[in-house]
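Number of protein chains: 2
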Amino acid sequence: MAMRDAILNFSKQFKYRPKIEGGKVKKYKSYLVAGMGGSHLAGDIIKNIASEVDIKIVSDYAPEKVEIPKTLIIASSYSGNTEEAVDWLNKSIQSGQPVVAIGIGGKVVEIAKQNGVPFIQLPDTGIQPRSALGYSMLAMMRIIKLNDLLRESKRFNNILKAKETEEDGRQLAQKLKDKTPVIYTSANNYSIAYNWKIKFNETGKIPAFYNVVPEVNHNEMTGFDVKEKSAHLSKPFHFIFIKDKTDHPQNIKRMEVTEKLYRDRGFSVESLELSGETKMEKIFNSLILADWTALHIAVLYDLESEQVPMVEEFKGLI
Amino acid sequence: MAMRDAILNFSKQFKYRPKIEGGKVKKYKSYLVAGMGGSHLAGDIIKNIASEVDIKIVSDYAPEKVEIPKTLIIASSYSGNTEEAVDWLNKSIQSGQPVVAIGIGGKVVEIAKQNGVPFIQLPDTGIQPRSALGYSMLAMMRIIKLNDLLRESKRFNNILKAKETEEDGRQLAQKLKDKTPVIYTSANNYSIAYNWKIKFNETGKIPAFYNVVPEVNHNEMTGFDVKEKSAHLSKPFHFIFIKDKTDHPQNIKRMEVTEKLYRDRGFSVESLELSGETKMEKIFNSLILADWTALHIAVLYDLESEQVPMVEEFKGLI
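Protein sequences, first through last, are from chains Y and D.
Positions 1 to 318 (this note's numbering) are the ones given, in order, by the first sequence.
Positions 1 to 318 (this note's numbering) are the ones given, in order, by the second sequence.
By construction, these hints were calculated from the structure, which means they are not laboratory data.
Each hint should be verified, as a subset may be incorrect.
In silico lysine-lysine, BS3-like type, Cα no more than 25 Å apart, as pairs [stated by the list, open to error]:
| hint | chain 1 | residue 1 | chain 2 | residue 2 |
| --- | --- | --- | --- | --- |
| 1 | Y | Lys47 | D | Lys47 |
| 2 | Y | Lys279 | Y | Lys15 |
| 3 | D | Lys65 | Y | Lys279 |
| 4 | D | Lys245 | Y | Lys91 |
| 5 | D | Lys47 | Y | Lys91 |
| 6 | D | Lys227 | Y | Lys177 |
| 7 | D | Lys65 | Y | Lys235 |
| 8 | D | Lys91 | Y | Lys245 |
| 9 | Y | Lys229 | D | Lys245 |
| 10 | D | Lys91 | Y | Lys253 |
| 11 | D | Lys65 | Y | Lys107 |
| 12 | D | Lys65 | Y | Lys315 |
| 13 | D | Lys177 | D | Lys245 |
| 14 | Y | Lys177 | D | Lys70 |
Generate coordinates for the entire structure from the input sequences, incorporating the hints supplied.
Laid out in structure tokens, this is it:
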């Protein structure tokens, strides 16, 4: 099973040393990561970890003119052919906006070479974009010059033990059977919540949603204040609270209280605690568990975890 | 019914002329709106309409030190007592960061007065924060000096015809019976999608989710690629596509194709088109329809549309 191998071998991605080709990249005041799905995961996580750097993630087409002062555009597409990332690369070149490309090849690498734009060519090991998070992140950290994080991530090849958490993922998948997951983190850890959500969608092929505390408490929560006639709407959900000891004390309390209120109303609730020594380690430990859980969801429903046929059908139609 | 009156009288909010008291506010390069739920709606919409202005919305507590160069913090809380907004106001004052407060009174107005911080005191007409969108937006537009938009919105008292769309909202509520809405817009119109979602949560008291195109096509969509054993997970949802003729042509196509793929799979799908002459008018027309739909959802399930008892219970526990 290719997805299983991708999870087991994930830690090896951190042996990779990204190399900028085709030009030099200087330090910028701000960065805009243009990437979709699997490629914007990496940007979200870096934004979460390197909170001192001004990073904006844009998951849409580019405007006609790209004029963002003191900002480097990072057009990131694992396949190299994602329409939106290619659009940002082209429009940035036309507008004279500094830009750099990331991809295993495809259009973004071709366009970069033709236009003298710096690029990083990722290793092509045949995995799905969402499994290539290590490669994409290392490339972005290299471009943004996050040298401390690059140094820290070298250890990950030895630290991340995917095999050990498979059973936890399998058990969580069992609990989630016939339910739609809703994942909650603090606002600060939104990249973790978002990652879990899309792993369920892409690998597990099931609906999944996410939100963050404290915002949840100002609206979403009220949608689960079940009364007799509307209670059946809330039944299909299973809530996963992902907690972090370093969260703001009020947000820790908010998650505890939200969990209590949901349990009081009879909902299926799961409480997970982030584990690891550094912020980055915590994130990856959690994402590996998400990978296993999503994989075992696909197993439960006899679904194919690796491919995304609806995306192929979609691409054929647009 | 108080919520019904709030919707019918919404257009009258645009007669309001916000006044900055307690100091002057100069023009800034960037703005950070600190606000939750109903109060961050206004920020989201302004960010959508005034895309040329650098506005960041933060729905979380403030960091210990607020040091964001060339940026004005707008601490917005309708009640004036929202913990997170009060936190931003206090920390900004302690850090010497320029800040301005918005509220009907409460702590934010009190703290502003005591510390010589400029503030806008909103009219207190007894409505819920989420119904006070007009007041909050006008106040923010005044602070950010969006004079063209302020001028445009003067007409809204005559243009927005809430009464005329109630029947559409009632019919849509009927179609949504026993379903959980998932609202889709283009990334550019995310504030509309988000507003619909929270209206369903707060006024309708039902679960609701949202997402935006093109991101939907890279992950969420795949979660609805139903196979025999997982099909029951997708059945409880009703998808609402909110379309805009001025969207990027590729996003228009993406929405059409996503809608087709969902219909092919047998899902309940609703397609709405934004109507109105300007961007702001389109947004408000859509939000009034959201208000009516959410109100009639509450009626269908015998729920109380006005109050949010779970929020009160929550506040008592944290």
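Legend entry - Given pair status - lysine 235 of chain Y, lysine 65 of chain D, alpha carbons within 25 Å: Cα-Cα ~42 Å, so violated.
Legend entry - Given hint lysine 245 of chain D paired with lysine 177 of chain D - CA-CA distance at most 25 Å: violated, 29 Å
Inset, instruction - Measure nothing beyond the straight line between the CA atoms of lysine 47 of chain Y and lysine 47 of chain D; if it is 25 Å or shorter, mark the hint as holding. - result: Distance of about 21 Å is within 25 Å: holds.
Inset, instruction - Sort out whether lysine 91 of chain Y lies within 25 Å of lysine 245 of chain D, counting only the CA atoms. - result: holds, 22 Å
Legend entry - Holds or violated: lysine 91 of chain D to lysine 253 of chain Y, with C-alpha atoms at most 25 Å apart: Holds: lysine 91 of chain D and lysine 253 of chain Y sit about 20 Å apart, inside 25 Å.
Inset, instruction - Quickly compare the C-alpha distance for lysine 177 of chain Y and lysine 70 of chain D to 25 Å and report which way the hint goes. - result: violated, 50 Å
Inset, instruction - Would you check the hint for lysine 91 of chain D and lysine 245 of chain Y, treating anything up to 25 Å between C-alpha atoms as holding? - result: Holds - the C-alpha atoms of lysine 245 of chain Y and lysine 91 of chain D are around 22 Å apart, at most 25 Å.
Legend entry - Given pair status - lysine 15 of chain Y, lysine 279 of chain Y, alpha carbons within 25 Å: Roughly 19 Å between the alpha carbons, so the hint for lysine 279 of chain Y and lysine 15 of chain Y holds.
Inset, instruction - Compare the distance between the alpha carbons of lysine 65 of chain D and lysine 107 of chain Y with 25 Å, and conclude whether the hinted pair is satisfied. - result: violated, 44 Å
Inset, instruction - Could you grab the alpha-carbon distance between lysine 65 of chain D and lysine 315 of chain Y and see if it respects the 25 Å cut-off? - result: Not satisfied, since the Cα-Cα distance of roughly 47 Å exceeds 25 Å.
Legend entry - Restraint status (C-alpha distance of lysine 229 of chain Y to lysine 245 of chain D at most 25 Å): At roughly 38 Å apart (the allowed maximum being 25 Å), lysine 245 of chain D and lysine 229 of chain Y break the hint.
Inset, instruction - Mind checking the alpha carbons of lysine 65 of chain D and lysine 279 of chain Y for me, to see if they're no more than 25 Å apart? - result: Holds - the C-alpha atoms of lysine 279 of chain Y and lysine 65 of chain D are around 21 Å apart, at most 25 Å.
Of the hints listed earlier, those the structure fails to meet are numbers 7, 9, 11, 12, 13, 14, in rising order.
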